[in-house]
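There are 2 protein chains.
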Amino acid sequence: MRIALIAPLAEAVPPKLYGGTERVVSWLAEELVRQGHKVTLFASGESETTAKLVIGAPRSLRLAGIRDHIGSTLGMLREVRRRADEFDIIHFHVELLPNALFHDLAHKCLTTLHGRLDRPDILPLYKAYPEMPLVSISNAQRLPMPANVNWLATILHGLPSHVCPFDPQGGDYLAFLGRISPEKRPDRAIEIAKRAGVPLKIAAKVDDADLAYFKAEIEPLLDHPLIEFVGEINESEKQQFLGRARALLFPIDWPEPFGLVMIEAMSAGAPIIAWSNGSVPEIITDRVNGIIVDSIDAAAEAAHEASRMSRGAVRAEFEARFTAAQMARNYVAAYRMLLARASAKTSAACAAASLAPEPWDLVDHAGETKPQAVSA
Amino acid sequence: MRIALIAPLAEAVPPKLYGGTERVVSWLAEELVRQGHKVTLFASGESETTAKLVIGAPRSLRLAGIRDHIGSTLGMLREVRRRADEFDIIHFHVELLPNALFHDLAHKCLTTLHGRLDRPDILPLYKAYPEMPLVSISNAQRLPMPANVNWLATILHGLPSHVCPFDPQGGDYLAFLGRISPEKRPDRAIEIAKRAGVPLKIAAKVDDADLAYFKAEIEPLLDHPLIEFVGEINESEKQQFLGRARALLFPIDWPEPFGLVMIEAMSAGAPIIAWSNGSVPEIITDRVNGIIVDSIDAAAEAAHEASRMSRGAVRAEFEARFTAAQMARNYVAAYRMLLARASAKTSAACAAASLAPEPWDLVDHAGETKPQAVSA
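Going down the list, the sequences are from chains U and X. In terms of the numbering used here, the first sequence has 1665 at position 274, counting the first letter as 1, and numbering is strictly consecutive. In terms of the numbering used here, the second sequence has 1433 at position 42, counting the first letter as 1, and numbering is strictly consecutive.
Since the hints were derived computationally from the structure, they do not count as laboratory data. Virtual Cβ for every residue (Gly too), placed ideally from N, Cα, C. Hints should not be assumed to be uniformly reliable.
Claimed, not checked - Calculated lysine-lysine pairs in the DSS-like style (CA-CA distance at most 30 Å, straight line):
1) U:Lys1736 with U:Lys1407
2) U:Lys1518 with X:Lys1407
3) X:Lys1518 with U:Lys1429
4) X:Lys1585 with U:Lys1518
5) U:Lys1606 with X:Lys1736
6) X:Lys1443 with X:Lys1407
7) X:Lys1407 with X:Lys1736
8) X:Lys1499 with U:Lys1407
9) X:Lys1443 with X:Lys1429
10) X:Lys1596 with X:Lys1443
11) X:Lys1499 with X:Lys1429
12) X:Lys1429 with X:Lys1407
13) X:Lys1585 with X:Lys1629
14) X:Lys1499 with U:Lys1518
15) U:Lys1736 with U:Lys1429
16) X:Lys1606 with X:Lys1596
17) U:Lys1585 with U:Lys1606
18) U:Lys1736 with U:Lys1499
19) X:Lys1443 with U:Lys1518
20) U:Lys1443 with U:Lys1429
21) X:Lys1518 with U:Lys1499
22) X:Lys1736 with X:Lys1518
23) X:Lys1443 with X:Lys1499
24) X:Lys1585 with X:Lys1407
25) U:Lys1407 with U:Lys1585
26) U:Lys1443 with X:Lys1518
27) U:Lys1518 with U:Lys1585
Claimed, not checked - One-sided excerpt, in silico: chain X residues whose CB lies under 7 Å from chain U:
28) Asp1459
29) Ser1463
30) Ala1519
31) Ile1683
Pulled out of the complex, with its shape left as it was, chain U reads as follows:
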């Protein structure tokens, strides 16, 4: 299949530093190429890929110091439009603008929504341009959206198998990984560790926006023999950090649309102790790859139970549901579903007009495994 992937310009693909969406787009691009598709990646100039790269902006906008991304993104989208005939599928990973600019090509376009959708400022857009097929990254993510949008599928994110290698041994500490912010509830993580009497390592960056919160609410809690604040860690440190953890704490207090750190932990074999918000119940199979809790007491108990869970079973759940290969197969199935729908509509229209349908080039299958079911 000839697939265009349109990445945000904020970061390179893959990102040099932080950037969840750009990481996922990179994994998807590489895996689609590996599965035999002809992939064109629209992304910033610092990107690296085995797909064909079309440069949408000379540098990633964050590193270029460009705060308003609209102008650059619209510029890239015009180039996508110019080449639209070259692709069977145009898959956007930027939100809002493609709905307005590509609604007349909705039969071959789709957008994966990577962010939270409970923002009143975006609803008028989706109400006005409902044609674009949308993919949510969890079913929970869809809740705030208007009823008229065109949901194509929910496709959970996947991670290449080698990024966070499986550690069958694990270790003795609880892990908190991510960003220090009120909705991630690092305070809960600390309370759980103290209640359970189990060490906690916090590997987290503190953004400028969250510095006041960190100073006032978290720093005073760190002076305790069980608590270690590691700070921000890089990708290779992350492998060891998760591999040696007894469990990942994910005590979130907001509707996180996905939560990549959960599948990173699963890949390393670490079960997850999580509050049931956002995507959590869709990612965690209770007592298989994690334990869902609703109180500090339950979480403290789970911290002990986690050390008796099978890390092999956690990794098996990862391999069955959360590899990048699986994510790519799910997307290809969604692409086919979209094209089949468009083809059916064309056939019906032609039949109504007593015309023979155009032969629809239903895409090549080279090097692909059989597509699996996608929850729609």
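Knowing the structure of chain U, use the given hints to seat chain X on it.
Just chain X now, kept in the frame of chain U:
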């Protein structure tokens, strides 16, 4: 002519409080209606107009607490698109997005650029979508833009004659009116007044963003018998404030694209003492409606000279060049120029194809005065 005016959704048209662009759009809409055109105004639901109002958002986005305007604006633009055939001319007062969404209708669309254009984030948009005919509000405003854009005209803003009534007497103080911010240089205004020994009244709001600057740099300068800080004033207080002023100080330090306060002062008969930045040399005819200076000494001298200038001549300059009626005539001339160009292209294309041209409905003239020349 059937004219659509597309206003920003940030404020009502006219705005309940501050909002330069929405005030100008309101003046233009009312005047085009008065001149006999069929005007449709796309704006937020709190707007009031003699034109036909199409509500683009139920409430102005600022009052609705919506900070990201993209979704609402794109929603409104879809409605504009749906009705595009109803209009001879579609005149946008929102930037960026119409270039991307209406470039295929560029033969009947134009955008007035109301803001400063020296922002690297907007250049990729104008480079990628150069078709849209653009109107600048001063020639100086154009400087930072790429060479390939489609400039149709420069049209200076106009003000209805009654908004700031002419006061032939004037008064004895210098006036500073607007916002306290470093680039407006209220510090220079204070220094000029002290150097000249002439009283200064400062009627200005202090935005949250400028509070630190006000406290640190300006407040300490206010404790002086010649300086009076009036704070924010409303429209009717403004009439008296400008009418009784000996001159307006406009000692700006940035490329202001227009500067409405200058024509408000002129309307009231007050000459302007200004630094030659941005639009200033296009608005001020030296020694007629103001004095252009480049130092505190020259400005202090001008403060004395201003009291001997003819306030009637200042008002005459306003009436000749800066009324809303004049602005509307200039826009109508630009609309006609745009349609004539499109018509010429159509004729040429048809001649090339040996076909008779379509009769081009060149718009009605009811109730209009003769269009005047527009500087292109």
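A quick look at each hint next to the structure:
At most 30 Å may separate the alpha-carbon atoms for a hinted pair to count; Lys1736 of chain U and Lys1407 of chain U exceed this at roughly 43 Å. The straight-line distance between the Cα atoms of Lys1518 of chain U and Lys1407 of chain X is roughly 27 Å, inside the 30 Å bound, and the hint therefore holds. For the given pair, Lys1518 of chain X sits about 29 Å from Lys1429 of chain U by alpha-carbon distance, which is consistent with the 30 Å threshold. Among the hinted pairs, Lys1585 of chain X with Lys1518 of chain U is inconsistent with the structure: their alpha-carbon atoms are about 58 Å apart, more than 30 Å.
For the hint pairing Lys1606 of chain U with Lys1736 of chain X, the CA-to-CA distance comes to about 66 Å; that exceeds 30 Å, so the pair is violated. In summary, the hint linking Lys1443 of chain X to Lys1407 of chain X is supported, as the alpha carbons are separated by about 19 Å, within the 30 Å threshold. Only pairs whose Cα atoms come within 30 Å are accepted, and Lys1407 of chain X paired with Lys1736 of chain X is rejected, the gap being roughly 43 Å. For the proposed pair Lys1499 of chain X and Lys1407 of chain U, the alpha carbon gap of about 45 Å is over 30 Å, so the pair is violated.
Note on Lys1443 of chain X and Lys1429 of chain X: the hinted pairing holds, with a Cα-Cα distance of about 8 Å set against a maximum of 30 Å. Restraint check: the Cα-Cα separation between Lys1596 of chain X and Lys1443 of chain X comes to about 33 Å, which exceeds 30 Å; the hinted pair is violated. A distance of roughly 15 Å separates the Cα atoms of Lys1499 of chain X and Lys1429 of chain X; the hinted pair therefore holds under the 30 Å criterion. With a CA separation close to 25 Å, the supplied pair Lys1429 of chain X and Lys1407 of chain X stays within the 30 Å bound.
Only pairs whose Cα atoms come within 30 Å are accepted, and Lys1585 of chain X paired with Lys1629 of chain X is accepted, the gap being roughly 23 Å. Note on Lys1499 of chain X and Lys1518 of chain U: the hinted pairing holds, with a Cα-Cα distance of about 27 Å set against a maximum of 30 Å. Proximity of Lys1736 of chain U to Lys1429 of chain U is assessed by CA-CA distance (about 26 Å); at most 30 Å being required, the pair is judged to hold. Note on Lys1606 of chain X and Lys1596 of chain X: the hinted pairing holds, with a Cα-Cα distance of about 13 Å set against a maximum of 30 Å.
Distance check on the hinted pair: Lys1585 of chain U and Lys1606 of chain U sit about 20 Å apart at the alpha-carbon level, within 30 Å; holds. Our distance criterion of 30 Å between C-alpha atoms is met by Lys1736 of chain U and Lys1499 of chain U, whose separation comes to about 13 Å. Using a Cα cut-off of 30 Å, the hinted pair Lys1443 of chain X and Lys1518 of chain U holds, with the two alpha carbons roughly 23 Å apart. This hinted pair checks out: Lys1443 of chain U and Lys1429 of chain U have alpha carbons roughly 8 Å apart, not beyond 30 Å.
Simply put, Lys1518 of chain X and Lys1499 of chain U have alpha-carbon atoms about 27 Å apart, close enough for the 30 Å limit, and the pair holds. This hinted pair checks out: Lys1736 of chain X and Lys1518 of chain X have alpha carbons roughly 23 Å apart, not beyond 30 Å. For the proposed pair Lys1443 of chain X and Lys1499 of chain X, the alpha carbon gap of about 19 Å is at most 30 Å, so the pair holds. Using a Cα cut-off of 30 Å, the hinted pair Lys1585 of chain X and Lys1407 of chain X is violated, with the two alpha carbons roughly 35 Å apart.
Proximity of Lys1407 of chain U to Lys1585 of chain U is assessed by CA-CA distance (about 35 Å); at most 30 Å being required, the pair is judged violated. With a CA separation close to 23 Å, the supplied pair Lys1443 of chain U and Lys1518 of chain X stays within the 30 Å bound. Proposed proximity of Lys1518 of chain U and Lys1585 of chain U is contradicted: the alpha carbons are some 47 Å apart, above 30 Å. Contact between Asp1459 of chain X and chain U, as hinted, is supported at the beta carbon level, the nearest pair being about 4 Å apart and thus within 7 Å.
For the restraint placing Ser1463 of chain X at the interface with chain U, the shortest Cβ-Cβ distance is roughly 4 Å, inside the 7 Å limit, so the hint holds. Given hint, Ala1519 of chain X at the interface with chain U, holds; its Cβ is 4 Å from that chain's nearest Cβ, closer than 7 Å. The beta carbon of Ile1683 of chain X is not positioned within 7 Å of any beta carbon in chain U (closest approach about 33 Å), and the interface hint is therefore violated.
When held up to the earlier numbered hints, the structure conflicts with 1, 4, 5, 7, 8, 10, 24, 25, 27 and 31 and fits the remainder.
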